[in-house]
Structure formats: C-alpha cells, structure tokens
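S.K.: Residue numbers (numbering that gives the first Met the number 0), protein chains in the order written: chain W, 0 to 300; chain F, 0 to 295; chain S, 0 to 433.
There's no promise every hint is true.
Capping the alpha-carbon separation at 35 Å, the derived lysine-lysine pairs in DSBU-like fashion look like this [what the hints assert, rightly or not]: (1) LYS262/F - LYS154/S; (2) LYS289/W - LYS205/F; (3) LYS262/F - LYS130/W; (4) LYS119/S - LYS301/S; (5) LYS239/S - LYS262/F; (6) LYS241/S - LYS319/S; (7) LYS130/S - LYS40/F; (8) LYS262/F - LYS374/S.
Here are the computed distance ranges between Cβ atoms for each label pair [what the hints assert, rightly or not]: (9) SER336/S - LYS78/F: 50 to 58 Å; (10) ASP97/S - ASN71/W: 38 to 46 Å; (11) GLY300/S - LYS85/W: 50 to 58 Å; (12) ASP429/S - GLU82/W: 55 to 63 Å; (13) SER62/S - LEU285/W: 51 to 59 Å; (14) PHE33/W - ASN159/F: 54 to 62 Å; (15) ASP245/W - ASP97/S: 21 to 29 Å; (16) VAL57/W - ASP429/S: 51 to 59 Å.
Hints are computed from structural coordinates only; laboratory data are not their basis. A virtual CB, placed ideally from N, CA and C, is assigned to each residue, including glycine.
Given next are the chains, with one letter for each unit.
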Amino acid sequence: MNQNENRREKEIAAQAVDEIPVNKHKHYTAGQIFWKVLKYAFLILVSLCTLIPIVVVVLGSFKTQAEFLHGNVFALPKSWSFENYKTAFIDGGMLEGFRNTGFILIVSMLGKIFFGAMFAYAVNRFDFKLKKPIMTLFLLAMLIPAIASQVATFQIINGMGLFDTIWSVILLNLGTDAMSIYIFLQYLREIPYSLDEAALLEGATYFQIFRKVIMPLLKAPIVTIIIISGVGIYNDFYNPLLYMPDDSLKVISTALYAFKGPYGTNWPVILAGVIIVMLPILILFLTCQKYIYNGVSGAVK
Amino acid sequence: MQSAIEKFKTNYRLQRRIIVVLFTIVPVALLLVFSYLPLVKMIQYSFTDWDGISANSHFVGLQNYKTVLTNPQYIQVFKVSLYYFAVAILQLALAMLLAVVLSYKVKFPNLWKGLVFFPYLVNGVAIGFIFLYFYKQNGTLDTILNFFHLDSWIKLWLGNRSTNNWAIAMTSLWRYTGYNFLLFFGAIQSVDPEIYEAADMDGANKWQQFRYIMFPAIREIFLVNVILSVSGCLSAFDTPYIMTNGANGTSTFVIQTINTAFKFNKLGLASAMAIVLLIIIIIVTVIQRLATREKD
Amino acid sequence: MDKGKFKAALKCAAGFAAITAFAVGLTGCGKSSNKQTITFINQRTDLKQDGTWDKYIKEFQKSHPNIEVKVQALNDYATNMKTRMNSSNYGDVFMLPDSVNAKDYSHFVEPLGKVNKLEKKYYGMTAKQYKGTVYGMPSMINANGVVANMEVFRKAGYKIFPKTPKTFIAALKAIKAKEKGVTPLYTNYHSGFALSNWDSQTVGVTGNPNYLNEMMKMKNPFAPGKPMNSVYNILYTACKDKLVEGDPTTSDWEQSKQDMADNKIGVMVLGSWALEQIQAKSKAAKKNIQYEAFPMTAKNGKQYVSIGADYSLAVSKHSKNKKAAKEFVDWFVNKSSYARDNGAIPTLKSAKWPAAMQSLKAAGVGILQNTPAPKGEEDLLQRVNNDAEIGFQTTEDYKQKIVDAGVGNNKESFAAIMNEMNRKWNKAVDKEVK
Chain W
0 MNQNENRREK EIAAQAVDEI PVNKHKHYTA GQIFWKVLKY AFLILVSLCT LIPIVVVVLG
60 SFKTQAEFLH GNVFALPKSW SFENYKTAFI DGGMLEGFRN TGFILIVSML GKIFFGAMFA
120 YAVNRFDFKL KKPIMTLFLL AMLIPAIASQ VATFQIINGM GLFDTIWSVI LLNLGTDAMS
180 IYIFLQYLRE IPYSLDEAAL LEGATYFQIF RKVIMPLLKA PIVTIIIISG VGIYNDFYNP
240 LLYMPDDSLK VISTALYAFK GPYGTNWPVI LAGVIIVMLP ILILFLTCQK YIYNGVSGAV
300 K
Chain F
0 MQSAIEKFKT NYRLQRRIIV VLFTIVPVAL LLVFSYLPLV KMIQYSFTDW DGISANSHFV
60 GLQNYKTVLT NPQYIQVFKV SLYYFAVAIL QLALAMLLAV VLSYKVKFPN LWKGLVFFPY
120 LVNGVAIGFI FLYFYKQNGT LDTILNFFHL DSWIKLWLGN RSTNNWAIAM TSLWRYTGYN
180 FLLFFGAIQS VDPEIYEAAD MDGANKWQQF RYIMFPAIRE IFLVNVILSV SGCLSAFDTP
240 YIMTNGANGT STFVIQTINT AFKFNKLGLA SAMAIVLLII IIIVTVIQRL ATREKD
Chain S
0 MDKGKFKAAL KCAAGFAAIT AFAVGLTGCG KSSNKQTITF INQRTDLKQD GTWDKYIKEF
60 QKSHPNIEVK VQALNDYATN MKTRMNSSNY GDVFMLPDSV NAKDYSHFVE PLGKVNKLEK
120 KYYGMTAKQY KGTVYGMPSM INANGVVANM EVFRKAGYKI FPKTPKTFIA ALKAIKAKEK
180 GVTPLYTNYH SGFALSNWDS QTVGVTGNPN YLNEMMKMKN PFAPGKPMNS VYNILYTACK
240 DKLVEGDPTT SDWEQSKQDM ADNKIGVMVL GSWALEQIQA KSKAAKKNIQ YEAFPMTAKN
300 GKQYVSIGAD YSLAVSKHSK NKKAAKEFVD WFVNKSSYAR DNGAIPTLKS AKWPAAMQSL
360 KAAGVGILQN TPAPKGEEDL LQRVNNDAEI GFQTTEDYKQ KIVDAGVGNN KESFAAIMNE
420 MNRKWNKAVD KEVK
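This is chain W alone, in the form it adopts within the complex:
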C-alpha cells in the first residue's frame, strides 16, 4: 500500500524527467539527425526483409490451385475470395485442432511457468548440495539433439502407456524444456534480495515470499515464456503426429498438413491455413508484448 503510493510518486517524477528531453528535441544537432535517420532506415530495412518472403503466402492464399501454378508468385489473385480459408478451416477440421492445441498449450504453459518459476526460485535463492550438478544437467539437456533419440523417446512414452493420449505431448513439452528456467533465473537475479528480507522480517514464510513477493514480479518472464515457447508448442508438428495419431487428437499443425499428401499438395489451402494458424498467436503477441516492458523494475522499488 505504502509502496503503491511511493510508486505513483515516482511515476510522476519519471514523467517530469521524460519531459525534459522533449524540450531538448527541438534543437537536434546534425549528429542526432544522422543517427535518427540511420535508426529508421535500419528498422525499415529489417521490416522489409521480414515482410517480402511472406507476401507470397498472403497472395498465394487467395489463389486457386491452377491460378497458383500458372502465374507468377507476385501476381495478384484474380479474386480475393476466402474459399481457401474456408476449405482449410472446415475440411481441415481446424476447429477441433484448435481445441486440442489449446488444451496442450494451456496445460503445458501452466506447467512450464509454475515448475519453472519454483525451480528458478529454489536455485536462485538457496544453496544446496546438488545445485551445480542439477544446473549442469539442465544446460546439457538443451544440447542433446532430440531428433536423434526419437526411437528411444517413443519407447519410453509407449512404456508409460501414454501413446495416443494428449499427455504424451504435454509431458514431452515439460520434460525437454530448459530455456524457460534460464529466462526465470535471468529475471530473478534482478530482484533484490532485500525484498525477501523485508518480508522475512514481517514473519512471512519462504512459501509466502515466493507466492506473494516473487511470483508477482515474474510477469515479464512469464509473458516472454508464453510467447517464446508457446509458439514452439503451437507450431509443433512432429510430436503430435508421432505420439497422438488418433483423429480426435488432431492439432492445428497436423490439420494443416492434411493438405500435404504423398502424391499432391494443395499449397494455396496450406498457405491460407498458415495464416489462420498465425493470426491468433500474432494477436496474442501484439496484445501481450507491452507487458514485457514492465519488468521487475516497476514494482521493485
């Protein structure tokens, strides 16, 4: 409560600080202008590079199969019809795909966030005997080329009776991820220990500190993890294909590649599907990205 007020004061102060440069902006030096131009030129160039290849996807998604194969990839479609989008969504069974992907995504992300944050807290705030070897295990795990151990992994999943269940993919998502732990550790290091101490003095237990002091400060890494590893899970194709082939367990990426057959591939429909699949996560990214700025800094002081 007290902190809250403190914070507000600081915000006002910060705004005041912000206003000073605004005045400065009125007289740019030549050097400043040069850097400014360079900065925007650089950003525009990078944006063009990311956008140009994707133009093919957008244009292609509106073409018919024959039109696509006859014309230049940059030719505009004859009509901007959403037929391919309809085909991809309905014939591809994407609704069901979204349901399964959604379930996998939510459970996996919840698991990653809770286990990851707890683990990072224990490792960052306490010393214990096996800490070093355990951290080494996590680093090492990121280096194992997973694709090469596919047969072995399959036997383990099957041995646990998880084959053709949604849990196979969820557990694999949880068991082969070390990046989120590193992201949490990175942020935890920036949270001053004095916060913990203050809470200790007030008689809080370590559990309470984790839940009430640490967790609320980990919003930024949580959003980062949701976006970064969420995209990986969301687009994952090989694991669902191998471990949950049942029709009712179809995910969006396997739904998408139903249009890629051994003897023929309907690229326009796949491209439409790619956009359908991309949209929700792009919206999520755009709405959530601003929380990435609100790192620990805001609430710490």
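Put chains F and S on the given structure of chain W with help from the hints.
M.R.: Same frame as chain W, but now just chains F and S:
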C-alpha cells in the same frame, strides 16, 4: 496443531529444505525421464547393430564409433556448420542491435517489434516452401535484383555450391532472429529505468550505457544464447531438412544421422553418431565457458 | 506492489486463455456397441482429407456391417510407422513399411497365405513374402516406365516415343531446339521420391525378371556396360546437355504436374500412378499424356516394363480383431475400387487393366514381374542396399549426385560416381553374401 504450524513458520531451515526438494523435484524428474532416459537408451543402442525395428540385434562393441570416427564421409559434413556459425554470429549481433535500438525511444515501437518477431510465428514447413520460391530461378530474390538492375548478381542460389549453404543459413537467420531479439529485449527491460536516467544525468553516452548497464544485465541470457548457437550450428538440421533435404552439399551431421537411422536402417550407427555429436558439443561448450570465465 | 500492473497481466493471461480456450472442452465419450472396431493406418493423407477413405469404408460396411473402420493417414509415413512398430500400437491393418526386414515379418504381422497358392490369383505376391508365406497384400500394382507428353514429342518430330537412349537424347535435344520454354526432361530432383524411379527401371531394361536376384550378389553392377550404368548415363547426359529444368534444386512436384499437362514438359520418369494425376489437370492432357516404356531395349531387341507392388496391406500381430482385419484386407484387394481409382493395375489378376497399360501391351511392350528371391535370401537385397548406403530404389541421394554432376553443381565425373557406388556395393556384397 496450531503451535506446529507456528513452529514451521519460524523454522526457516526446515522450510528451506522442503522448498529445495519440493520445488526442484518435478522439473528434475521430468528432465531425467524425458531427456536423459532416451539418452541412456541411445547409448545402449550405439553399441549394437540394431536396425531400429527388428526384434533382435547384436552387440558390436565400439564398431559403430570406429565407423563414425574413421570414415571421413561422416565427419566432413561438419564444415557445413561453419556457414551456420558465421550466420549465427550475424544473427545474435542483429538481434542484439534491434533489442538495443528498440529499447530507446522510437516511434511505433510495437509495429517494429511485431515485424521483427513475426517470422518466428510462421510454421516451419511453410518456411521451406516460402524460401524455395524465394531462391528459385526467377523467384522472389531474382525479381528483386532485376528491379534494381543487379541482374549480373543472379545465381542459382540453391544450385550453386558457392551460395547454397549461405542461402539456407540466411533462411535460418530470417526465422530465428526474432526469437533472440525477444530474449534480449526482455532481459534489457529487466533493468531499472532509473539507472539509465541516472546515467544520463551523469553524462554517460549511449555506448557507455550499453556497455556498463545493458550488457551486464543480459549477460547470462546472452551467454546461454551464444552457447546454444554454437551447439545449434553443430546440430543444424531443420532449415536444410525442409529446404533441400541435405542435397547438393548441404547435408549436416544431424541430417546424416536421420538418414542413417531411417533411410538406411542403421539405428545403432545413427545412435553412435548422435553420441559423438553430443560429446563434441559438450567439449566445445566447456571450452566456451572456460574462455568467457577467464575474461572476467 | 503494483495492483494495476498485476491486473493487466491477469488480463493478458485471461486473453491468452480466451484465445485458446474458446474451443477447449472434453471430447465426447464413446458409445458402446457390439461392433468390432479396427484401425487402418496408411500414407494417403490426401484421401483422408477429401473424404475418399470414408466412401471406401462405407462401401466396405455394406457387406460387413459389424466392422467399424477407423482410418489414420500419416504424413511422413515410413519414418513414423517405423518408430511406432517398436510398440504394439500400429493399428490392425496398415501399409507395411519397406524398412521391415523380410525375416522379421512374422514378428510384426500375420501370415496371409502361401505364395504358390495366392500368386495364381494375385499380382505382386513376391513383394512381401518370406519362405513362401505372404505377409502383405499389395494395395495396387504399378508399372515402372515414363510419363510422356506426346504432343511435345510430336511437335519436335517424334510421332512415337523413342526406344533407345540415343534417339531419346536426340528427341530431347529436338524438343529443346524447336519448342521454346519447354523443359524436355523434368527430373523432380527436389521431391525425392521421383528420382528413385530411375532405379525401378532395372528389370524392365534388362528384360530379365530375375535381374535383381542376380544383382544382389553381383560385383560392380554400376560399371560401364551394365544396365544401371546405361540408365544413369541417360540422366547424366540429359543434365549435362541442359535438357532438364534450369534449376533442379528448386524443382516443384506440384508445378511439374501442371506444366506437363500444359505441354511445357516432355517427359518425367515416374511410376504409372502419376499418369492419372497429370491427366486430370486438363482436358487436352487426357489425350496427350501417355505412359511409355523406358527408352531402352533388352538384348533381344524388345522393350519391357516391369510391374510391382505399391504399398502392401498387412495385419498386425497385435491386433485384437484379426479376423475382421483380414476380412478388410480381403475386401480391399478383391472388391474395392482403390486400384482402379488410382489408374493402377489391380492386384486381382482377373480384374480389368487401365487403358494406358492395355495400349502399352498392345504396342508390343512386354510386361514383367520380378521372380521371387530364393529361399533364405528374401531380405538379401535389402541388407546389401542398407549396408552400401547408396539407397538403390529407396532414396534419391545418389541420383541427385548424378544430376548435380551433370548440371555442373559439383565437379565429380560420372565415372567417379559410378565407381563410388560400385565400391560401396561391392563392400556390402562381400559382407552380406556368404
């Protein structure tokens, strides 16, 4: 009962113990079962001639390792990793630069960030397809070069052996720069903005701010990314796999491993290849860690 | 603590949940009945997607109302199934992957009958047999020749498709000279599966149905004068003389089908399954696109086309409904229209052949079926091939090397590639043939 809870509340040593065990056991267990158990199994296979499907296999000792290490056909593909390594340095530098530039005041920050990150959202198989169109004869890239009257630069980007590995590595850069960017950007944001304000007042220039404030803040995540990039280069696989399937001199060690396991049905040999790769990666990582530690 | 920020984060998390959760729910619970359910796993994702499998199953259930069939169609079929066959979870009926060794058939699948009895009624009984027992029934039979656009050849002055390597190369050159924008021979380098069709010509060009059984014990089968050397030499020469697509590394299978139907491609080396697909691309294509024998003649001066099994249906050893599964396989090869719908030769010998194959026969081309491997050597070819790692008939790697050498992407000579293949093959033969 009440007092037991009270006791627990003040017994911080006990709490600490419980937390350490309780908070680490699940991730460690998952890691052991799904990352290390397959590894142990793979080591077992690597000493056999198992084809990956048959009911029986024979113990062959170190034969598979001998084959991998003595046959230059298996080792020489590592030179393809150099292309990925060169491009990975560029990728990390670019991601870092973008993260720094976008951390300062800029118009339309969300737009730029969205554009930088968005290639990472595109589904992998679609990327293979998009860039095939990008590099093919009279494709996207050639059209652009023609537009700028740079016709003389045009090559068979994926056909010509002097460009094809660069072309594939650049595709990988296109795809993953946003990922590195987001990690760096997020880490930079974890720094208290007041520190910058203070630095500004002390007259520190932007480079000094970067060198003494930003970089230390993202040091850990940066080092992890460097290590992952190096190991990623050695085990580069997905982009060449979807684009050329390793044809025309673009094969990497992991593509070769997959082919050995699934096209030629030598899972024992393929497991040995994977183990050799892992050992090489570990050695390189240890050297890297030692090198960065000495500098401090 | 900053409540506003926390709320905002919650909101974000809620948004995240909402985007994905709108559809999340538990899938409906299954209904119980006396029906037997079998799972049929195959590689035809296209037929799953367009509802064709559903139609076949409906047809099947007319005569077998008590058997429910669930179809799983998988991308990347061979790799996936190989991994899955390490468990007992590989369906009731499935397409038997080629990576299974003949001597292991009995470990994975049910015997379906004896070769000497079944081969009176069906084609392709030697494809998946071990010691005289059949373990897989071909879903359909393919011919191994080339798909040609005769309109393109006619315009270049060739009314009939060339029969020898020399006239073939001359025809390709004539096409290139006379028809602008036409690719004489399209390699389909990038799609992979297409290039291994060059290997499938072996039996046809020798006219010797026993050739593969000889080849698996033969030293230097790729040396000059040997049939495979001549086959590969055609590919190499066409590439060297720039008679193929400008940039093979970015070739596109979908595009090639359309281009061939549009008279922009002269010829492609493909199994007969491709014919129907290309013909379907346009009305004119139906007439112009024909199936032809590979342009080489056997020693007796005659041309031959070999026919062989496509993927074969097998019944899992671990199936709980083996009887139902076998009934389905039986129905599939005897009653279903699968082979006919794909323009292929039916497995059932008494069934009608597709028109393209009939005209091939009428033109005097001999049709050959491989002789079964001698007892005890059923998996020898497979073993030698795996050991040599040159992917004869199974992968595209070496054929891609030949194309790369031809168009100048690498500096290897044709002779050097053939020598390398010989060396690897010989080493494998030494190891496997006792």
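S.K.: Now tell me, hint by hint, if it's right for this structure.
M.R.: Hint check:
no., hint, in the structure
1, LYS262/F - LYS154/S, "41 Å, violated"
2, LYS289/W - LYS205/F, "23 Å, holds"
3, LYS262/F - LYS130/W, "42 Å, violated"
4, LYS119/S - LYS301/S, "26 Å, holds"
5, LYS239/S - LYS262/F, "28 Å, holds"
6, LYS241/S - LYS319/S, "56 Å, violated"
7, LYS130/S - LYS40/F, "33 Å, holds"
8, LYS262/F - LYS374/S, "25 Å, holds"
9, SER336/S - LYS78/F: 50 to 58 Å, "53 Å, holds"
10, ASP97/S - ASN71/W: 38 to 46 Å, "39 Å, holds"
11, GLY300/S - LYS85/W: 50 to 58 Å, "57 Å, holds"
12, ASP429/S - GLU82/W: 55 to 63 Å, "59 Å, holds"
13, SER62/S - LEU285/W: 51 to 59 Å, "56 Å, holds"
14, PHE33/W - ASN159/F: 54 to 62 Å, "38 Å, violated"
15, ASP245/W - ASP97/S: 21 to 29 Å, "25 Å, holds"
16, VAL57/W - ASP429/S: 51 to 59 Å, "57 Å, holds"
Violated hints for the displayed structure, listed by number in ascending order: 1, 3, 6 and 14.
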